[in-house]
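S.K.: Each residue of the sequence shown is one higher than the last, beginning at 833 in my numbering.
Just so you know, the hints here were simulated from the structure itself, not pulled from any lab data. There's no promise every hint is true.
[Claimed, not checked] Per label pair, the in silico range of CB-to-CB distance:
hint, residue 1, residue 2, range
1, Ser1154, Lys1217, 29 to 37 Å
2, Pro1422, Pro939, 55 to 63 Å
3, Trp1151, Lys1281, 51 to 59 Å
4, Asp1372, Glu1175, 47 to 55 Å
[Unchecked claim] The calculated lysine to any residue pairs, modelled on SDA-like cross-linking and capped at a C-alpha distance of 25 Å, are:
hint, residue 1, residue 2
5, Lys1176, Glu1238
6, Lys1170, Pro1224
7, Lys1176, Gly1237
8, Lys1180, Gln1207
9, Lys988, Glu1025
10, Lys1120, His945
11, Lys1058, Glu1025
12, Lys1368, Val1416
13, Lys1170, Ile1093
14, Lys1170, Val1249
15, Lys1057, Gly1045
16, Lys914, Cys1371
17, Lys1285, Met1415
18, Lys1149, Met1183
19, Lys1192, Asn1209
20, Lys1217, Arg1198
21, Lys1192, Glu1182
22, Lys1120, Glu1182
23, Lys956, Lys1401
24, Lys1177, Glu1238
25, Lys1368, His1342
26, Lys956, Phe923
27, Lys1170, Gln1109
28, Lys1401, Pro1386
29, Lys1170, Cys1221
30, Lys1240, Ile1024
31, Lys1164, Asn1227
32, Lys1177, Gly1139
33, Lys1271, His1395
34, Lys1216, Met1415
Because the structure is a prediction, the values reported are computed rather than measured. Just so it is clear, CB atoms sit at the ideal spot from N, CA and C, and this is done for glycine as well.
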Amino acid sequence: MATKGNPGDNRTRRSFSVFIVFGLCCFFYLLGAWQRSGFGKGDSIAHEITKNADCSVISNLNIETHHGVGVKNPDDLRSESKVFQPCDDRFIDYTPCHDQSRAMSFPRENMEHRERHCPSDNEKQHCLIPAPKGYVTPFTWPKSRDYVPFANAPYKSLTVEKATQNWIQYEGNVFRFPGGGTQFPRGVDAYIEQMASVVPIGNGIVRTALDTGCGVASLGAYLFKKNVITMSIAPRDSHEAQVQFALERGVPAIIDVLGTIKLPFPSRSFDMAHCSQCLIPWTQNDGKYMMEVDRVLRPGGYWVLSGPPINWRMNYKAWKRSEEELEEDQRKIEEIAKLLCWEKKHEKGEMAVWRKRVNKHYCQERESRVTMCKQTNVDDIWYKKMETCVTPYPNTNDTTEVAGGELKPFPQRLNDVPPIISSGSVNGISAESFEEDNKLWQKHLNAYKRVNKIIGTGRYRNIMDMNAGLGSFASALESPKSWVMNVMPTIAKKDTLGVIYERGLIGIYHDWCEAFSTYPRTYDLIHAHGLFSLYKHKCDYEDILLEMDRILRPEGTVIIRDHEIEVIKVKKIVSGMMWNTKMVDHEDGPLVPEKILFVVKQYWVAGENNLTSLR
833 MATKGNPGDN RTRRSFSVFI VFGLCCFFYL LGAWQRSGFG KGDSIAHEIT
883 KNADCSVISN LNIETHHGVG VKNPDDLRSE SKVFQPCDDR FIDYTPCHDQ
933 SRAMSFPREN MEHRERHCPS DNEKQHCLIP APKGYVTPFT WPKSRDYVPF
983 ANAPYKSLTV EKATQNWIQY EGNVFRFPGG GTQFPRGVDA YIEQMASVVP
1033 IGNGIVRTAL DTGCGVASLG AYLFKKNVIT MSIAPRDSHE AQVQFALERG
1083 VPAIIDVLGT IKLPFPSRSF DMAHCSQCLI PWTQNDGKYM MEVDRVLRPG
1133 GYWVLSGPPI NWRMNYKAWK RSEEELEEDQ RKIEEIAKLL CWEKKHEKGE
1183 MAVWRKRVNK HYCQERESRV TMCKQTNVDD IWYKKMETCV TPYPNTNDTT
1233 EVAGGELKPF PQRLNDVPPI ISSGSVNGIS AESFEEDNKL WQKHLNAYKR
1283 VNKIIGTGRY RNIMDMNAGL GSFASALESP KSWVMNVMPT IAKKDTLGVI
1333 YERGLIGIYH DWCEAFSTYP RTYDLIHAHG LFSLYKHKCD YEDILLEMDR
1383 ILRPEGTVII RDHEIEVIKV KKIVSGMMWN TKMVDHEDGP LVPEKILFVV
1433 KQYWVAGENN LTSLR
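Sequences are here, hints too, so could you generate the full structure?
M.R.: So this is what it looks like as structure tokens:
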């Protein structure tokens, strides 16, 4: 017979209390995560409720022996967390590896000063980058394609410099992007239709594109209508904030330049490469830049060049260059294209189109006329110098076979086994393991949506996967409402970025011990699976987390999936970063050693007294 002091009754009451507290925490967390689009700064009442509700993690979580992972000193994880202060307001648009003052100390020859030059450890900023005063949540797609809130990127210089070219206009409290450009006098849509008369755009054959010298990325913005995803690149130079505008519009872009080091993409990545008055000196350095485009262009892919020197006879006066100089430029481009085994398919007006041959059987003559690159590890490109050599085609058996394998049109290629896997080119990855990975990440994504119900609604447009694997997280998310920047860590055990591109997705190589080549506040959702386990002996978690905070938008979300002990270490650090957190078990139950940390970054801006929020 039970008595008043029966422990069974106490356990029942404790269980019921835990259930009530857990239910209230979940309610307040979801209420606090609700956010408005457009000019909303998030719901202030919900924010205050969330701030006062301690729902970050189950308080009695055993950090010592849950899954046989010991901690040398468990008290270290329970000690008071470091509080990170806001950086000075001058760091609002800080890009650590593309800092203008540092850039000027490097040679200007071949644009070396516009390449990545990262700070040393003792130069790194250990503070939180503020948003500008008045910062608001960007518009949702597709409105964001045409409008960007002025407060988010308050730079009017392009409205003056490009006033006659219809790049960008300032209207009240927004920038408007009318879809014009130097080479788009009739608008981007008309320009794309001209390309589509030669290049198979719109039927899924051309899915991935590279736009060099992209400006504000209007081409990439409008190619989404054709189901083409474009990696837009431009340097951080006198055209202030062009890449920042691209990302504010919801278009994939990175800060980069064709200079002295290789582009951070694997060989045979893109179905199309494009240059529209991009000011790249294609004929210099013995055609090195065209050779680099050839490296990242798929067999059968297209190169589109518009602007100088194409149609120089009609435009030499407007371009303020001599006829002789422009004619020689075009002659050299044609000559290099032949050496690369590109077939010219079109020239009309100021647009010319070449197509890369599908295999080496069409290119027998060139091997005696050009230097071929060494075939060993052609995708080992991180910080590697660009070479004046031609990347060999993969071997084929006859003239009809596409080197590297023929891809299905998109979206069929998204979930078909990529040729790079079916050919056995990726060690340890089979067709079966690829299909299992797809199923696993669909399961994981469904679990994420049960916690954060606005995933997939369009609230998160710019998404990053920091350790992308086979790209199955991005594949599960695939939607016109969003895109994913798939990052392949340079220290990953398997390089699978080629798999990601063959699926019709985009990505980049990167070392997370350094800052990413983007502006602050450019991603809505950041996903990190196994990232901290991967880097635990490489660099400080604090540096990685501060970089995540830099590139995450206010009220953006982070999802960290990792081994329990790493997640707990991360949670301790971010408790001093103005992040609201919630740690949950693996969807298969608490005995699985992998845990998930959900994060919402608080809204705060430059010039505010943020010390209360920080504590």
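S.K.: Of all the hints numbered above, which does this structure not satisfy? Sort the numbers upward.
M.R.: Violated hints: 8, 9, 14, 21, 31 and 34; rest satisfied.
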